[in-house]
Amino acid sequence: MRNEQCALWLACAVFIHAGCRKDKDTSAPVVQILSPSEGFNAFVPDTITVRVAVEDDHIVEGLTLLIADDDGVPITTPVTVSIGARSATVDVDLPLISERIVDGNYVLTALATDGANNGRALQWITVHAAPLRLRSIYVAPPAGLAGPLTITRIDSVGSRSTFIVLNEIGGTAIDPDHLFLTGTQYDPLVRLGIPSGPNSVLLANPGTASPSTPYFTSLSVDPSDGRLYCATRDGFVRGFHPSGGQSFTASSPSGSFCEAAVVVGDELVTTTINTVTQERRLVSHTYNSGALVAQFPSDVQVTKLFAIDDQHVLILGNRDGGGVIELVNTQQGGVFEMRAFPGDPVLSAARVDPGTYVIGMTSGLVRFNYQSNSVTTLIGGTVFSALAYEPISGGVWGGAGTELRLIDPQNGTASEQIVLSNAVGAILLHYNR
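Each residue of the sequence shown is one higher than the last, beginning at 10 in the numbering used here.
The set of hints was computed from the structure by calculation and includes no laboratory data. All C-beta atoms in this analysis are idealised placements derived from N, C-alpha and C, irrespective of residue type, glycine included. Don't take each hint at face value.
DMTMM-like, lysine to aspartate or glutamate: derived pairs with alpha carbons at most 20 Å apart [what the hints assert, rightly or not]:
| hint | residue 1 | residue 2 |
| --- | --- | --- |
| 1 | K313 | D234 |
| 2 | K313 | D186 |
| 3 | K313 | D353 |
| 4 | K313 | E346 |
| 5 | K313 | E288 |
| 6 | K313 | D362 |
| 7 | K313 | E425 |
| 8 | K313 | E268 |
| 9 | K313 | D329 |
| 10 | K313 | D184 |
Using C-beta positions, here's what the derived DEER-type ranges look like [claimed, not checked]:
| hint | residue 1 | residue 2 | range |
| --- | --- | --- | --- |
| 11 | Q255 | T58 | 39 to 49 Å |
| 12 | I106 | G81 | 17 to 27 Å |
| 13 | D66 | R142 | 46 to 56 Å |
| 14 | G156 | E412 | 20 to 30 Å |
| 15 | G81 | P140 | 19 to 29 Å |
| 16 | S430 | N176 | 40 to 50 Å |
| 17 | E288 | D164 | 42 to 52 Å |
| 18 | T73 | D319 | 36 to 46 Å |
| 19 | G113 | T73 | 18 to 28 Å |
| 20 | Q419 | D164 | 26 to 36 Å |
| 21 | S260 | T73 | 45 to 55 Å |
| 22 | S430 | S233 | 45 to 55 Å |
Hey, can you work out the whole structure from these sequences and the hints?
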């Protein structure tokens with residue numbers, strides 16, 4: 010009898026517990042973006058007022074709004090509001106202020122939660138970027154000089170200031186947030202926040218080089234992927250994300266080091282020189298792994314590399330004391346020598362558009378047209394050691410001695426001239442994005 014009573018009480022307890030248990034919440038909130046409508050045009054900077062309706066069988070706790078790109082990466086700071094009701098219609102202001110945002114279609118996302126389930130609504134909108142602005146010009150002295158060496162910053166209104174003073178300067182490069190510098194004999198590869206911010210060392214210099222054979226042999230930020238590529242005398246080529254993390258490593262052919270690098274299609278193309286034989290080669294590496302894909306002989310000391318398409322690179326450089334422009338097939342090694350300038354070396358170059366290049370030579374400044382394979386003299390008799398294209402004005406900044414000029418690439422006239430206290434070795438343009 011006692012056992013029967015225990016069994017009865019247990020059965021009753023189980024029944025009562027089952028009767029009191031809540032049904033599991035499996036339904037997500039229903040979310041609807043009422044405004045703006047599909048295809049809405051937003052202009053940076055702006056604040057978008059988003060009207061959202063939410064409804065659920067349970068209390069909707071909160072609603073988060075954001076705008077993301079195709080990969081789901083937010084381009085705005087998410088805004089979260091409390092709801093505290095089963096249904097509601099709310100207006101939420103979503104700031105769209107970052108000048109880094111580029112023109113394109115983006116996804117306006119509304120995400121509601123009841124604590125157990127999430128519901129969302131998506132709306133395509135078009136975002137128009139803020140106008141491109143030149144924030145600063147950083148001017149570095151020529152590489153390899155004895156220190157102290159000053160990098161000068163010229164702001165958007167023309168005011169000049171000393172950005173940093175260094176003992177030695179090798180390569181220079183810039184991205185939207187950082188200035189990158191390498192030393193020659195002792196100083197490392199550093200990343201400097203601009204116009205201010207934290208500084209960090211990305212790669213040490215072992216101090217085994219000499220002034221005539223610097224440890225760092227190439228430095229550039231590639232325009233296609235935004236990665237920093239740095240080459241060293243031990244033959245390595247390293248790629249760094251803008252965040253500073255290393256993302257790529259490749260090795261040059263044995264006994265060689267990289268002199269220049271550019272992304273061409275899905276490969277990193279470099280030019281190398283053998284330290285013993287002085288033989289130069291054009292070398293291709295896979296973009297992700299850095300594995301060597303192909304290599305072809307080259308007799309040009311590169312001044313600048315430009316990717317033309319997924320299989321061709323334009324080489325501007327020198328051979329036997331004279332300038333050369335070559336078009337090279339990076340897959341098959343075929344070379345078309347477009348132009349030769351005997352006794353007139355190429356010192357600097359900048360691309361204005363896919364068909365127009367401005368080139369600094371010992372004889373002066375010229376414009377090269379890729380489609381017509383023609384050369385036009387812009388300025389005769391002035392040596393420009395550094396060039397940088399500025400798309401806002403459509404001009405090219407050129408450094409000649411201690412003078413900085415903004416030059417019209419069509420006729421060679423200068424709309425601005427700035428005289429500095431130091432010789433110009435590199436011109437680095439810092440934009441708002």
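Should the hint that G81 and P140 are 19 to 29 Å apart at their CB atoms be regarded as holding? holds, 27 Å
Is the straight-line distance between the alpha-carbon of K313 and that of E425 20 Å or less? violated, 25 Å
Are K313 and D362 close enough, with their CA atoms no more than 20 Å apart? Holds, at about 15 Å.
Hinted pair, alpha-carbon criterion (20 Å max): K313, E268. Please report holds or violated. holds, 10 Å
Cβ distance range 20 to 30 Å for G156 and E412, holds or violated: holds, 22 Å
Cβ distance range 45 to 55 Å for S430 and S233, holds or violated: 36 Å Cβ-Cβ, so the 45 to 55 Å window is violated.
When you check the alpha-carbon spacing of K313 and D184, does it fall within 20 Å? holds, 18 Å
With respect to the beta-carbon atoms only, verify the hint that Q255 and T58 lie 39 to 49 Å apart. Given about 43 Å between the Cβ atoms, the range holds.
Keeping to a limit of 20 Å between CA atoms, is the pair of K313 and D329 held or broken? Roughly 17 Å separates the two Cα atoms, so the pair holds.
Outcome of range test on Cβ distance (G113, T73; 18 to 28 Å): With Cβ atoms ~22 Å apart, the hint holds.
For the hint 40 to 50 Å, verify it against the beta carbon of S430 and that of N176. Between S430 and N176, where Cβ atoms are some 18 Å apart, the hint is violated.
Starting from the range 46 to 56 Å, see whether the pair D66 and R142 falls in it by beta-carbon distance. Since D66 and R142 have Cβ atoms about 50 Å apart, the given range 46 to 56 Å holds.
The structure fails to meet hints 2, 7, 16 and 22 from the earlier list, while all remaining hints are met.
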